[in-house]
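A.B. asks: These are the residues of each chain, in order.
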Amino acid sequence: MSVTAGPPGTIRVGLFVTCLVDLFRPSVGFAAVKLLEEAGCEVVVPVQTCCGQPAYNSGDRPDARALALNVMKAFSGVDYIVAPSGSCAGMIRHHYPELFADDPGLSARARAFAEKTHELISFLTDVMKYDHVTVSYPRRVTYHDSCSGLREMGVKDQPRGLLKTVNGLELVELKDADVCCGFGGTFAVKYGEISDAIVSEKAKNISAAGAPVLLAGDLGCLMNMAGKLSRNGSQIEVRHVAEVLAGMTTEPPIGAPIRRM
Amino acid sequence: MSVQSTSPQFRQNAHQALHDVQLQKALGNVRLNFIERRAAAAGNLPEFEALRDQARDLRDHVLVHLDLYLEAYENKVLAAGGHVHFARTSEEACQIIVDLAKERSAKTVTKGKSMVSEEIGLNAALERNGMNAIETDLGEYIIQLRGEAPSHIIAPAVHLNQEDVEAEFRRVHTHLPRDRNLEEPETLLAEARAILRSKFLASDIGVTGANFLVAETGTSIIVTNEGNGDLTQLLPKVHIVVASIEKIIPTLEDASAMLRVLARSATGQDMSVYTTLSTGPRRPGDVDGPEEYHVVLVDNGRSNMLGTQFQDMLRCIRCGACMNHCPVYHAVGGHAYGWVYPGPMGAVLTPSLIGVDKAGHLPNASTFCGRCESVCPVRIPLPKLMRHWREREFERHLAPASARYGLGLWAFFAKRPRLYGLATSLAMRLLALAGRSKGRFKWLPLAGGWTDYRDMPAPQGGTFQAQWKKQEGGK
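Top line first, the protein sequences correspond to chains G and A. Last residue of the first sequence? That's 723 in this note's numbering, and every number before it is there in order. Last residue of the second sequence? That's 482 in this note's numbering, and every number before it is there in order.
Excised from the complex, chain A in its bound form (with noise of 0.2 angstroms):
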């Protein structure tokens, strides 16, 4: 089952994290840190944006012939000797890997970072069956600790500050001395490495996600930073990794390419710490990895957006830059917009995978600045695609009412310039007289989104097309 939505609430979402005083702090960090690393790595790199082209490029060409490329990727797979299981659906992909736990009698199952394990409800799946999983990622195993969803696609507890984890830790690990010193990130660190080794060591399954799947040689990439993917996939009998299926790139050559650009746009490092490539199980000589390999593939929703105007969302390589430099998302944080994925990206695929219907204000609920189009490593047009979500809400009247109606009273006006003319040139005259000696309205009728956080300047009365109509026929 996939997670639940609260995005049809995001407007009291967004209204309980702006009165968020802890989670207002933490997210300053979003704006300190992602973007001026960005920025840096970037400038290093002379041909950053002509590797943002091909990226985009590499990607597009994926997308068109998608079909051919899963099909020799699953081939290549099989040849390797792993397994490759096609789902439909989130529940079809989380029934795939309960199978095969039970199957295997498993009882831990150990988890590197995956957004798709989330947007699937693997979690939850495979405890309702009995098993323990366990996130191996720190700021996954803090959240998944709170009970909480990730805030960001990369950085999930980004949210958090470091006395929030500190509390946690001393909640839930209470088989440690009271007062050990949890002061330093390190020290939070090192306390979640000694609990996480015995989960490694005990776990049957190890399920990671992928950043790529390269259909030439069959190989699942991981990029991490803390190592804990390593541990995860190669530690257990059995390694899953579940994927979409638009993760594919054709070679190992287009995977570097792809690399250069993700970590720049994600973390602003070169390359992560780890970068991790899986080729099916262990093969007589080598001396660790698992017995068995499975990639579960889930479509989910995402090849019905092949073809259609939303086709360029499927070229994201989930790098978070979007939501790093989106301003809405630096106010709200990510858990308001209610859904697996946050920020510009969540705006345009939420209401793609589970219905505009009920994302429908993640699209609206944009200043349409454009940045984050700016530093997309695969250049989506990511305000054109959120527009479009606006004008399959238009048409299906999906916008509230006073919205609609206002819109059209305008334009019934604007259509017609000599009406629209004497109407305003009344109308500003007015509004002019009536805030004249205060130059700004602090209240106007209808104007309260407007109003009630800042004043309305005054018009100087008459408009220009009125004094310039004056001004030249006097000449």
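One chain only, chain G, in its complex shape (with noise of 0.2 angstroms):
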């Protein structure tokens, strides 16, 4: 299952492409392909499943460290492990070393493969130096920080860098963009109506803001303000930032119709 080392010079990303993207929305992950290619990266996508955050933030160690070892072993021959997802990236980034912190035999290796794991979007500008696309985007845009990538992953002003070269598009700042959106994984369920108040209140600043297009880079945070947006009737279109960065916004807007009747 392991990935044999590329030749000497290139730099091989393994995508982490997370269950919401594989199961939801392929097409960031070929954005996210597109995207580290463009940056000059070899790209490869181990078979994989989960990263185990729903697990560990449930209190099953067991099965997250189970479903760790999985990732580290299928990408254990790439120089970097590159998610499009704040949330991801951090739970590698930051927990996988904890969740072998007693372990003498995995420890190190956890360290080792935790710091080697970017986001995409801060890996393109901080690690690649890709600070310029090339594609056109003619759209008044808003842009909501997802919580891990921004608190644990320091994902802030990466996206809106790159979002400013791309051709035509306007970046509108929202209003308290910093706040969770109230996904918090399995909360949006386990506590829907909180997490109901606190995505109602995010929707009315993203309403607040004026612009036709909501762009976030975790597609958790992003499907519950869709959600939201929708339930409410509003005509404003979610993305991933990926989506409008690579140029692949022909794809439907996140929770719009796959086909227009």
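Keep in mind that the hints were calculated from the coordinates and are not lab data. There could be a bad hint or two in this list.
Derived DSS-like pairs: lysine-lysine, alpha-carbon spacing no greater than 30 angstroms straight-line [to be verified]: (1) Lys422/A with Lys652/G; (2) Lys578/G with Lys206/A; (3) Lys652/G with Lys626/G; (4) Lys496/G with Lys445/A; (5) Lys391/A with Lys535/G; (6) Lys244/A with Lys114/A; (7) Lys535/G with Lys477/A; (8) Lys449/A with Lys652/G; (9) Lys535/G with Lys476/A.
With the hints as a guide, dock the two chains, each given alone in a separate frame, to form the complex.
C.D. replies: What follows is the structure, encoded as structure tokens:
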């Protein structure tokens, strides 16, 4: 299952596509591949399932460890592990070392693996020094900072910087962009009513921003916000930021009809 | 007796709170006021982040040597002419204070704001023994009139609007003219102040909490913005400080470091209006001060946290920044948490003190957005500690069966990549087919927790991995 090393000189990136992108929005995965290749990386996609975060945050350490071990095995031959999600990347970067902290056989390996793991957009700008895209998107957009990306992975200026290089795009700031959307993984279902109160506040701010397009870097948050906006009857389009940066916006936005009737 | 908990009913509490129009209006103020002020105060002090590190290290140092510092503190209090009482439980703490009051035939006890006195249920204990306990902090006074518990650790009446307070004053202060003006905060404050002034003068015993206890000098420190704490502790003949054991800091120098992060984190002030240091009773030649000075040190479960995964929680200096920045607290307010301490710090501390079997919802009712940790002046890893409680719950099978089975089923597939690939690929194709006309579902079986409140976007169809395999295979 592991990936053999590429020729010397090439930067070999293992795309950790994340469960939600894999299942719900493969186009984000293809956008990530395109951006990584444009930045000069060779992209491989090892067979994968989940980083283990749902188990980890539910207190189920044994399953979280088993899943983490699978990921570390599957991605053992790459230079970097990159995910189009601050949440899944944050899980690997910050929590894998903790999961294996008291396991002498695995703690060093988990730490080394964690250090090679990045969130997509910050990897492009900070590691690959990819600071300019050559696509057009002549729309006004607003941007939500997903919590794990922002607070665990330091993703804040990187997406804004790249979005500003998109031809024709106008970025308007969202009020309380750094406040949680209320998703929180299983929280959204376990405490649906509270989650609803939080995402309702977010939807209010999104509507008030006056942009017809909402972008963010994590599909969980995006599905939560898109689901609330469409339930409210809003016409605001919701997309992963990588789709716009890769110029791959022909797919309908999140929660919009797959084929227009 | 500790105050009763409604934490097991967190979900129902939250439901009520979300439908309480007045509460929701009041909670809007939390979002507005505290956050911007803290950000401005932190931003104005270039060394603020370094001070947070220093505060964390200082608190950690104390916790490792707590026994030594408690002993040193006790000796200094005794040397200053004061008395120290150790209480293992709430009951013991209340009994010590009730006995002190009875021996002095006290009728009226005035109180400065103290969360640990809420924790031990002191007011109820005093009243059961025929004494009048009077809260002198304005917020505490208001909620005492209403028979409520604090909803916030530094702003106990933050769940109320000005009109709620006006209505309460008109209901209770019936000796005052009915047509008086109570429409501005100042008039409300003046009325409370006039009433409390007479209570201060009649008080037999003053009870305050402590923000810090200084081992070097035997000093207790309180910070307030109203000055009520000073009157509480200076006017009566007896001053009783009730504080939990972890409030110790080594030196006055350390106190100044802690004070620099406390007010900035709490209210965004550089310093609280009053910072009051008390060391022992009145000395010969002092112009004022109590004749007796007692300190009641409350453990009530804290020493059990030392040396465990939850020790970091004992760094807490009760600034309230975590709840001020918490989206869940903003949505449901403090009472929903069902015990004394709300918000993220309560979600960690409450299970530690009353048991995770009773407070199991609290560490789960978090999105783990991490904003609490990002503002904590002593850098308590609150989400991590909440996760540790979830681990204890998982080990003890305390989570609801549906959640455990759901998680187990998911983990079964997720641990088997080939099977997972086949199952998800098929499921997503079917789901995409079902959802293609609208692009979203208004209802899905077994997903009511989601679709009751928002649509579920339909998948595009075919997993990424299946499409990638096909594409790469064709190259």
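A.B. asks: Against each hint, give a clear statement of whether it holds in the structure.
C.D. replies: Okay, the hints, checked on the actual structure:
1. Lys422/A with Lys652/G: With a Cα-Cα distance of about 23 angstroms, the restraint between Lys422/A and Lys652/G holds, given a limit of 30 angstroms.
2. Lys578/G with Lys206/A: Between Lys578/G and Lys206/A the Cα gap is close to 65 angstroms, so the pair fails against 30 angstroms, i.e. violated.
3. Lys652/G with Lys626/G: Violated - the C-alpha atoms of Lys626/G and Lys652/G are around 38 angstroms apart, more than 30 angstroms.
4. Lys496/G with Lys445/A: 28 angstroms, holds
5. Lys391/A with Lys535/G: 26 angstroms, holds
6. Lys244/A with Lys114/A: 13 angstroms, holds
7. Lys535/G with Lys477/A: 23 angstroms, holds
8. Lys449/A with Lys652/G: 18 angstroms, holds
9. Lys535/G with Lys476/A: Between Lys535/G and Lys476/A the Cα gap is close to 19 angstroms, so the pair holds against 30 angstroms.
Checked against the numbered hints above, the structure violates hints 2 and 3; every other hint is satisfied.
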